[in-house]
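Visitor: Take the given structure of chain H and dock chain U to it, following the hints.
Just so you know, the sequences run in chain order H and U.
Per my numbering, the first sequence runs over residues 137 to 532.
Per my numbering, the second sequence runs over residues 137 to 532.
Where hints are given, some of them may not hold.
You can't tell identical chains apart in this list, so a pair holds if it fits in one copy or across any two.
To be verified - Restricting the straight-line Cα-Cα distance to at most 25 Å, the calculated cross-link-like pairs of lysine-lysine (BS3-like) are:
(1) Lys525 / Lys445
(2) Lys520 / Lys458
(3) Lys520 / Lys264
(4) Lys270 / Lys324
(5) Lys264 / Lys458
(6) Lys324 / Lys377
(7) Lys458 / Lys270
(8) Lys520 / Lys153
(9) Lys430 / Lys170
(10) Lys430 / Lys485
(11) Lys525 / Lys485
(12) Lys177 / Lys430
(13) Lys270 / Lys520
(14) Lys264 / Lys377
I should point out that these hints are in silico values taken from the structure, not numbers from a laboratory.
Quick caveat: nothing in here was measured; it's all calculated off a predicted structure.
In case you want the letters, here they are:
There are 2 protein chains.
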Amino acid sequence: MSQKKPPSLNYDLKATKKLFNEYLEKGRDKTEIKLPPDTVKIDDLDRNKTLARLYKLVDDVIEKIYNTGRPSIKLPSRATSNIKWDEENDLLLLGNQLQEKQFHTLTSVTDVTRLMRVLEIVDELLVKDIHATKREIFYSDVNLFVEQKNSDKSIEDVATMLYATRNSTHIVAAPKGTCVGRLRIRDKNDIIDLEGLGSGGWTISPMLDNIEIIESDAEFILVIEKDAALMRLAEARFWRKYPCILITAQGVGNVAVRMFLKRLSRELNLPIFSLVDSDPYGHYIHSVYLRGSKRLSYESPFLATPNIKLLGVLTKDLDAYKIPNEVRIPMNKQDKKRVKDMLNEDFVKKNKKWEEDLKLALKLEIKAEIQAFSAHGFEFLTEKYLPEKLTTGDWI
Amino acid sequence: MSQKKPPSLNYDLKATKKLFNEYLEKGRDKTEIKLPPDTVKIDDLDRNKTLARLYKLVDDVIEKIYNTGRPSIKLPSRATSNIKWDEENDLLLLGNQLQEKQFHTLTSVTDVTRLMRVLEIVDELLVKDIHATKREIFYSDVNLFVEQKNSDKSIEDVATMLYATRNSTHIVAAPKGTCVGRLRIRDKNDIIDLEGLGSGGWTISPMLDNIEIIESDAEFILVIEKDAALMRLAEARFWRKYPCILITAQGVGNVAVRMFLKRLSRELNLPIFSLVDSDPYGHYIHSVYLRGSKRLSYESPFLATPNIKLLGVLTKDLDAYKIPNEVRIPMNKQDKKRVKDMLNEDFVKKNKKWEEDLKLALKLEIKAEIQAFSAHGFEFLTEKYLPEKLTTGDWI
Chain H
137 MSQKKPPSLN
147 YDLKATKKLF
157 NEYLEKGRDK
167 TEIKLPPDTV
177 KIDDLDRNKT
187 LARLYKLVDD
197 VIEKIYNTGR
207 PSIKLPSRAT
217 SNIKWDEEND
227 LLLLGNQLQE
237 KQFHTLTSVT
247 DVTRLMRVLE
257 IVDELLVKDI
267 HATKREIFYS
277 DVNLFVEQKN
287 SDKSIEDVAT
297 MLYATRNSTH
307 IVAAPKGTCV
317 GRLRIRDKND
327 IIDLEGLGSG
337 GWTISPMLDN
347 IEIIESDAEF
357 ILVIEKDAAL
367 MRLAEARFWR
377 KYPCILITAQ
387 GVGNVAVRMF
397 LKRLSRELNL
407 PIFSLVDSDP
417 YGHYIHSVYL
427 RGSKRLSYES
437 PFLATPNIKL
447 LGVLTKDLDA
457 YKIPNEVRIP
467 MNKQDKKRVK
477 DMLNEDFVKK
487 NKKWEEDLKL
497 ALKLEIKAEI
507 QAFSAHGFEF
517 LTEKYLPEKL
527 TTGDWI
Chain U
137 MSQKKPPSLN
147 YDLKATKKLF
157 NEYLEKGRDK
167 TEIKLPPDTV
177 KIDDLDRNKT
187 LARLYKLVDD
197 VIEKIYNTGR
207 PSIKLPSRAT
217 SNIKWDEEND
227 LLLLGNQLQE
237 KQFHTLTSVT
247 DVTRLMRVLE
257 IVDELLVKDI
267 HATKREIFYS
277 DVNLFVEQKN
287 SDKSIEDVAT
297 MLYATRNSTH
307 IVAAPKGTCV
317 GRLRIRDKND
327 IIDLEGLGSG
337 GWTISPMLDN
347 IEIIESDAEF
357 ILVIEKDAAL
367 MRLAEARFWR
377 KYPCILITAQ
387 GVGNVAVRMF
397 LKRLSRELNL
407 PIFSLVDSDP
417 YGHYIHSVYL
427 RGSKRLSYES
437 PFLATPNIKL
447 LGVLTKDLDA
457 YKIPNEVRIP
467 MNKQDKKRVK
477 DMLNEDFVKK
487 NKKWEEDLKL
497 ALKLEIKAEI
507 QAFSAHGFEF
517 LTEKYLPEKL
527 TTGDWI
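With the rest of the complex left out, here is chain H (with noise of 0.2 Å):
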């Protein structure tokens, strides 16, 4: 080992321990979240109550057959127009506008069978305690679901019906993200200590019920873009120094990795960062942890961390740390259309840093990659370019 000591500029803990407090202060993760009044209000059940929640719906439904021979079930509604972004809590949610599903027309009747079986499912996966995939569902009946983008909107509308997360009806979503750092965390029998896994890390687990957070000496919480970036952090150990619980989802975080992200942030309350390209797709995919997606805007209050803040790459970063030329890739038309559609987010405009930051890309016409720091050496992510933004808390 003949690593090189970092240059000048070290990680400051006093300095940087002040600007996290000041950020917590004003990002405090709250554990329960005040809603508007005119939002739906969704929970993250354990099984037994999102069975007793199932067993209620279907008792209605039996009891509307009996009195009026004529059922129906009322669920909200997840058009785009029922969608709300609330400006209090900085979450897309959803709003109280209803959809009324009828047993007894001709249209609806597929529609119907389909949201009866997949509740069947949910009923057979939670009183077994196991958990599938949508794809799963889908191949579960094929002959009645017929494409999977039908599984998939029966699923929501179950969960919706039932007011409840998906994860509460125990169909998740694939594997796909990685864990490592100052976290120890219990899946049922196994205690996992994440920072004595090497380069490698834990594969975060979408069964997230079975997943409980034990400890951390961690001081921030790192989300990282790609695989690439993390293994070069992995590589240096970098939460041996620098003391942090490191994250990534391989581009936009699935609903697994955004829900275990928010898990950390509710128990342990510490600042979050994230680290991704200097592009329009790196801008929409922190956006993600930070308000939730548009589809699963009905679960957001257990998928959006409105605290995470944008560390890097920011536009200005590349002057400001000397990024050349070579590196940097011209806008196509496609990347200018998006840094306008973000230009146009309410949650941007509210944030002036950030507003600032997409007109410059605009204006320079360029983005870069997170290793665009590799023409400085492979080392200056490590040792520069993280442990500095970190001190000056010069993030987003």
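Guide: Chain U alone, transformed into the frame defined by chain H:
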């Protein structure tokens, strides 16, 4: 936990042991492969040995400059005409045709400069004992490499020139794979028990020179095409009842996963099986583990696992396990072409059972995913299909 008892047929250790032993007799993974005389021998070196070769190579060039003023480097050609299938070892290998890179011609000057730059970077990586991805190499000198395909080519040239695996140069793949089950490894200071990672598993580190395989009481290794299928097995803690090691790589195994599997195969000498979709792409994924890819044929002996068996999903399994018609997918034109291409491969022609199954697929014109077993319930895969296939020796 109210898991059902597995159906009638159970995992019969004695019967399987006999089958496994026959398998191992035929398929023992030889530590030293006897290469045919007309192929190139490549070594997997530690960093000091790689450095020694690198310095020798540069010394030779300098000597040529002094003596003739017209330096050149000879290295094995990676042209298709120089890629050979070694029937004895069942591997794709590089023949002994050489190509010569002249330093003094106008056409070769850029190529040679890039080659020398990669040599310089490899020197840095080895001296500092750090690793980098191909993408980072490209970004470390975009001016010179212009496009990543150029740096990629130079990286492969350098490895071939040194008669060493790419891993020996500390240029590694991004992490992309998970391992879980009855295995204990060491990554530098960390001892990692892959049985104690819950349902999540260990993200396979591409820095394999730091990884040491300590011990295992597994009786077989199962390589799985898809994360979601691994999740199904991890949720059932499959390795507790059926002592095994599970690996997935999300599709085609990258260099890190294939090299890790090869190390396991060599050091543990266990039966190895693959579980892939019943389609030409699944069969292709199996073939890459089995014999290596054409592009990386020069390091096949360190990447290929010739004793891996195709456990399933076979086309004939679809009838044998009464997979309903609705979850069988009709083949498209490209699927059929791929099957025909596979049937033309020497290594398929040599394997009658494989040939038969591909011909059956072509006759029925169907394919199916691993998830198709969900049509029989979510636990069918772990409680019926896999135990039965392992016990009856019904593999290719």
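Visitor: The structure should be examined with respect to each hint, and the outcome stated for every one.
Guide: Against the structure, the hints come out as follows:
no. : hint            : verdict
1   : Lys525 / Lys445 : within (12 Å within a copy, 50 Å between copies)
2   : Lys520 / Lys458 : within (13 Å within a copy, 60 Å between copies)
3   : Lys520 / Lys264 : between (51 Å within a copy, 17 Å between copies)
4   : Lys270 / Lys324 : within (23 Å within a copy, 38 Å between copies)
5   : Lys264 / Lys458 : between (57 Å within a copy, 24 Å between copies)
6   : Lys324 / Lys377 : between (30 Å within a copy, 17 Å between copies)
7   : Lys458 / Lys270 : between (46 Å within a copy, 22 Å between copies)
8   : Lys520 / Lys153 : within (18 Å within a copy, 55 Å between copies)
9   : Lys430 / Lys170 : within (20 Å within a copy, 59 Å between copies)
10  : Lys430 / Lys485 : within (18 Å within a copy, 52 Å between copies)
11  : Lys525 / Lys485 : within (23 Å within a copy, 59 Å between copies)
12  : Lys177 / Lys430 : within (16 Å within a copy, 55 Å between copies)
13  : Lys270 / Lys520 : between (43 Å within a copy, 22 Å between copies)
14  : Lys264 / Lys377 : between (44 Å within a copy, 18 Å between copies)
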